[in-house]
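A.B. asks: Here is what each chain is made of, one letter per residue.
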Amino acid sequence: MNSLILSAATRFLAPLMLAYSLFILLRGHNEPGGGFIGGLVAATAFALYAKAEDTGAVRRAMRIAPELLSMLGLGAAVMAGVWGWWEGDAFLESVWPFLVVEDGKKEGLPVGSALLFDVGVYMVVVGAVTALFLALEDDASRSPDDEDADQSGER
Amino acid sequence: MAEAESPAGRAAGVRRLVPALLSALAAWWFFGFVPAVHGGETVFFVWDWAPQLGVSFAFAIDGLGLVFALLVTGIGALVLLYAAEYFRTHPQRDRLLVLLVLFELSMLGLVLADDALTLFLFWEGTTVTSFLLIGFDHEKAEARAKAVQALIVTGLGGVALLAGLLLAGQQTGTYRLSELGDYALTLRNGGMYQGVFWLVILGCFTKSAQIPFHYWLPNAMAAPTPVSAYLHSATMVKAGVYLLARLSPALSGTDLWMWTLTLTGAATMVLSSIWAMRQSDLKLGLAYTTVMGLGALTMMLGAGGEGAILAFCVFLIVHALYKASLFLVIGILDKKAGTREADGLSGLGRDMPLTWLVALLAGASMAGLPPFFGFIGKEAIYEGALHGDAPAALVAVAALLANAMMIAIAGAVALTPFTGEFKAKKAAPTDAHLFMWAGPAALALLGLGFGLAPGAAELLVAPMAASVAGEAMDVHLHLFGGVNLPLALSVVTFALGYVLWRRLPRTRESLALLEAGGARQGFRLLRGDRALRPDARPLGDFERSYDVFLRVLTGLSRETTALLQSGYLPRYLRVTMATMAGMTAAGLWVGGGWPSIEMGEAPGLMLLVVALIAVASLTLLMTARRLLLITSLGVVGAGVALIFALYGAIDVAITQLMVETLVVVIIAVALLKLPRIALARTAAAQRARLWNGAIGAAVGVAVTGALMAVMDGEIDRSLTDYFEKASATIAFGRNIVNVILVDFRALDTMGEIAVVAIAGLSALALLAARVRPMKDAEK
Chain A
1 MNSLILSAAT RFLAPLMLAY SLFILLRGHN EPGGGFIGGL VAATAFALYA
51 KAEDTGAVRR AMRIAPELLS MLGLGAAVMA GVWGWWEGDA FLESVWPFLV
101 VEDGKKEGLP VGSALLFDVG VYMVVVGAVT ALFLALEDDA SRSPDDEDAD
151 QSGER
Chain U
1 MAEAESPAGR AAGVRRLVPA LLSALAAWWF FGFVPAVHGG ETVFFVWDWA
51 PQLGVSFAFA IDGLGLVFAL LVTGIGALVL LYAAEYFRTH PQRDRLLVLL
101 VLFELSMLGL VLADDALTLF LFWEGTTVTS FLLIGFDHEK AEARAKAVQA
151 LIVTGLGGVA LLAGLLLAGQ QTGTYRLSEL GDYALTLRNG GMYQGVFWLV
201 ILGCFTKSAQ IPFHYWLPNA MAAPTPVSAY LHSATMVKAG VYLLARLSPA
251 LSGTDLWMWT LTLTGAATMV LSSIWAMRQS DLKLGLAYTT VMGLGALTMM
301 LGAGGEGAIL AFCVFLIVHA LYKASLFLVI GILDKKAGTR EADGLSGLGR
351 DMPLTWLVAL LAGASMAGLP PFFGFIGKEA IYEGALHGDA PAALVAVAAL
401 LANAMMIAIA GAVALTPFTG EFKAKKAAPT DAHLFMWAGP AALALLGLGF
451 GLAPGAAELL VAPMAASVAG EAMDVHLHLF GGVNLPLALS VVTFALGYVL
501 WRRLPRTRES LALLEAGGAR QGFRLLRGDR ALRPDARPLG DFERSYDVFL
551 RVLTGLSRET TALLQSGYLP RYLRVTMATM AGMTAAGLWV GGGWPSIEMG
601 EAPGLMLLVV ALIAVASLTL LMTARRLLLI TSLGVVGAGV ALIFALYGAI
651 DVAITQLMVE TLVVVIIAVA LLKLPRIALA RTAAAQRARL WNGAIGAAVG
701 VAVTGALMAV MDGEIDRSLT DYFEKASATI AFGRNIVNVI LVDFRALDTM
751 GEIAVVAIAG LSALALLAAR VRPMKDAEK
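Sequence lines, in order, name chains A and U.
All residue numbers for the first sequence refer to the numbering used here, where the first residue is 1 and numbers rise by one.
All residue numbers for the second sequence refer to the numbering used here, where the first residue is 1 and numbers rise by one.
Wrong hints could be hidden among the right ones.
Derived list of chain U stretches under chain A, where covered just means 3 residues or more per stretch with a C-beta under 8 Å from a C-beta of chain A [to be verified]: (1) 399-407; (2) 413-425; (3) 658-672; (4) 743-751.
Think of the hints as simulated: they come from the structure by calculation, not from any bench.
We put the CB at the ideal spot given by N, CA and C, even for glycine.
Work out the full structure: start from the sequences and follow the hints.
C.D. replies: Dropping the structure here:
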């Protein structure tokens with residue numbers, strides 16, 4: 001798509017959306033949000049970027065293949081599970097290494113395996129949705145000759 | 001070992017004997033249990049498997065199990081030794097030996113299992129390994145086809161068996177076979193007896209090749225001869241009669257049991273004897289006599305009474321000994337003389353004296369000549385027939401006919417090839433290697449030994465009969481029981497058998513002609529008319545049922561696949577949605593119809609949103625323009641998100657909004673690829689939209705009803721209460737939804753993200769495959 005307005009706006013919007021998606025991911029444990037929603041927001045940001053520029057720009061900006069990102073996310077989630085298994089007694093039991101609870105009051109940093117798991121969810125959603133979108137977009141914007149061949153074959 | 005030229009060759013030469021050695025050791029180990037088991041003891045080995053379900057990994061060595069274990073390991077050792085030599089230079093020798101050992105283990109587990117599910121596990125093990133063994137020459141299309149046939153027939157029986165065993169377990173509350181006999185009355189009066197009986201019978205009859213499922217066994221002769229000797233004489237095919245015997249204390253004693261087993265057994269016995277006479281291939285003839293033996297065993301179990309049970313036990317051992325021996329002899333003939341055809345073999349006695357001796361010993365036992373063990377077996381059958389619950393005349397006549405024909409076949413195998421003028425395919429036939437005649441010789445000698453010293457056989461037969469009868473039995477075996485009716489029957493049998501043997505070549509020819517010409521041709525033939533029609537079908541062609549079954553099955557799956565997997569996305573969606581509506585409606589109907597609950601007052605804003613969704617949905621149905629379609633779809637989604645937000649489910653609302661946004665963007669991209677004319681205003685398109693609308697409305701109504709029913713019912717709030725209480729204190733999060741997602745029910749989430757990741761990958765793969773769009777898309 002060749003729109004100056006969209007292109008210019010996206011330069012500001014996409015990074016903001018990405019930052020916001022991280023914010024949503026992190027606040028998720030206490031406020032509305034979480035990995036799934038955050039991931040969707042980030043995927044929307046990449047979709048916007050792809051519409052404003054092209055898919056190559058998105059791939060370059062991501063630096064890592066989206067499908068690989070989703071696989072890494074799945075791996076992170078599994079690691080969170082194994083971590084819980086290792087430290088506690090069950091797969092996916094949550095572990096809080098920086099948190100001490102005294103008299104019902106918690107002290108320290110509430111960061112643990114649950115967060116790693118949520119980050120994994122975030123990566124899977126971003127990766128899978130973006131991969132799908134980019135592939136569709138690539139497919140739709142193939143060279144017009146191919147397009148014509150397809151269309152004529154169909155009618 | 002002649003092949004052992006190099007150290008590696010010698011190692012390989014020794015290695016081929018390892019399976020036989022291990023099997024012999026196992027047989028020796030089992031032999032050690034004979035005194036204890038004879039004393040009435042049962043040795044159990046039990047490990048927990050799924051104790052919550054009452055399922056255990058249980059084994060029991062009792063009389064029945066021990067005899068079978070000895071047969072399996074003992075004959076196994078001899079067959080493995082034979083096979084090591086028979087296949088010495090075969091490139092896939094080790095594969096065969098490994099398969100045979102695997103089969104042996106499955107069979108051993110089967111006969112020793114004391115738990116219904118353990119038994120089933122090993123039962124299936126024998127099915128699978130025998131499939132691999134029958135299809136050992138997998139480069140031959142015929143071997144493959146026969147292997148598949150055996151797999152399908154016995155596999156289907158296996159499924160029925162599992163269902164029957166589970167039913168029996170449910171009814172009685174135990175899966176231990178040794179305890180099942182104590183619940184015989186519960187089972188019989190429990191209302192499930194018919195179901196258990198027929199399912200178990202189906203499993204046993206398919207496995208043990210009873211009419212009308214017998215055809216797979218002669219077909220399984222596509223397997224190499226040592227395999228046939230092991231599987232199709234002594235072990236696998238006996239699994240069915242084994243299980244009948246094992247369940248006899250629990251299931252027998254009814255008219256249903258008596259008539260089904262007696263009639264099926266008798267029919268199988270007589271018909272298969274006739275088929276056996278017709279075969280010119282000696283191995284195939286023996287295969288049919290195995291079917292006859294299995295029929296006799298089934299008939300004896302059905303006839304009931306102490307005599308019949310005793311006959312079952314004795315004849316089972318008799319049959320295993322002579323049949324395995326004769327199969328192995330045929331293998332030697334095939335290998336050394338070059339053919340198994342009855343017409344192509346005669347006068348080999350001078351060149352193959354040892355083979356002849358073994359054949360004579362085993363054949364005499366098969367014919368039931370005194371003083372061989374076979375004679376005792378035959379007498380026991382007549383004795384059991386005369387004093388059983390079933391009509392004595394029927395059982396005795398069937399046994400007499402079949403036994404006489406057995407004599408003819410025994411003669412054809414043990415006498416005809418070795419006497420008369422020399423005829424063979426290979427010029428200079430010789431006796432086989434020690435490893436090859438040791439097995440059949442040992443088995444044949446055992447048949448003689450048990451006949452001369454029946455007391456030794458009693459050691460095994462007495463506890464075995466006790467297991468089958470479910471109570472201790474007084475067992476006395478003797479060679480000569482005085483001048484009585486069984487002895488008279490034996491004499492008649494010998495006379496009839498001798499005549500049949502003398503006339504065997506001519507009988508075979510007329511049977512073959514009968515087969516080639518059908519029944520009417522056969523009669524015309526008897527009148528001397530030799531003109532035969534070519535369009536003949538085999539005699540008693542039960543295999544047809546298998547062919548028809550396969551044809552119906554494949555046809556049915558083709559039809560259903562064509563109906564459901566049309567390759568056309570809108571149809572998939574319609575089928576899925578209609579099914580969902582139907583199932584939900586059915587659930588509502590079963591659950592008591594449309595729920596009646598008090599609906600609260602809805603706020604005005606909500607009504608507005610609902611109206612918006614309704615208008616957008618109607619637009620969806622009526623429009624033919626793509627852009628409008630996508631937009632109205634988005635409006636519906638946004639409206640639903642608004643409802644979520646209004647009710648405080650803010651997480652769900654955000655997710656819904658984000659998903660709607662992305663879906664609209666993605667569909668917009670996809671639409672660019674679609675043909676422009678797909679939504680034309682034709683009558684067909686109108687009709688399709690009407691259908692879509694109807695299905696959509698049905699789903700909506702059904703789901704609404706289901707949701708109302710849920711609200712109507714008692715909702716167990718204990719989980720909700722726990723989550724509300726524990727979310728902040730244990731999981732340190734105030735957003736319960738997220739805490740549930742990443743902590744309490746994280747395993748579910750892990751499954752879901754795995755689905756998301758896989759869906760993404762699949763979409764990539766689909767796009768990469770670049771399938772051309774279908775030309776006949778709905779216009």
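A.B. asks: Counting residues of the stretch 399-407 of chain U with a beta carbon closer than 8 Å to any beta carbon of chain A, are there 3 or more?
C.D. replies: violated (count 0)
A.B. asks: For the stretch 413-425 of chain U, do at least 3 residues have a Cβ located nearer than 8 Å to some Cβ of chain A?
C.D. replies: Not satisfied, violated; 0 residues make the cut.
A.B. asks: Are three or more residues of the stretch 658-672 of chain U within 8 Å, CB to CB, of chain A?
C.D. replies: holds (count 9)
A.B. asks: Under a C-beta cut-off of less than 8 Å, do 3 or more residues of the stretch 743-751 of chain U approach chain A closely enough to confirm the stated coverage?
C.D. replies: holds (count 5)
Hints 1, 2 from the earlier list are contradicted by this structure; the remaining hints agree with it.
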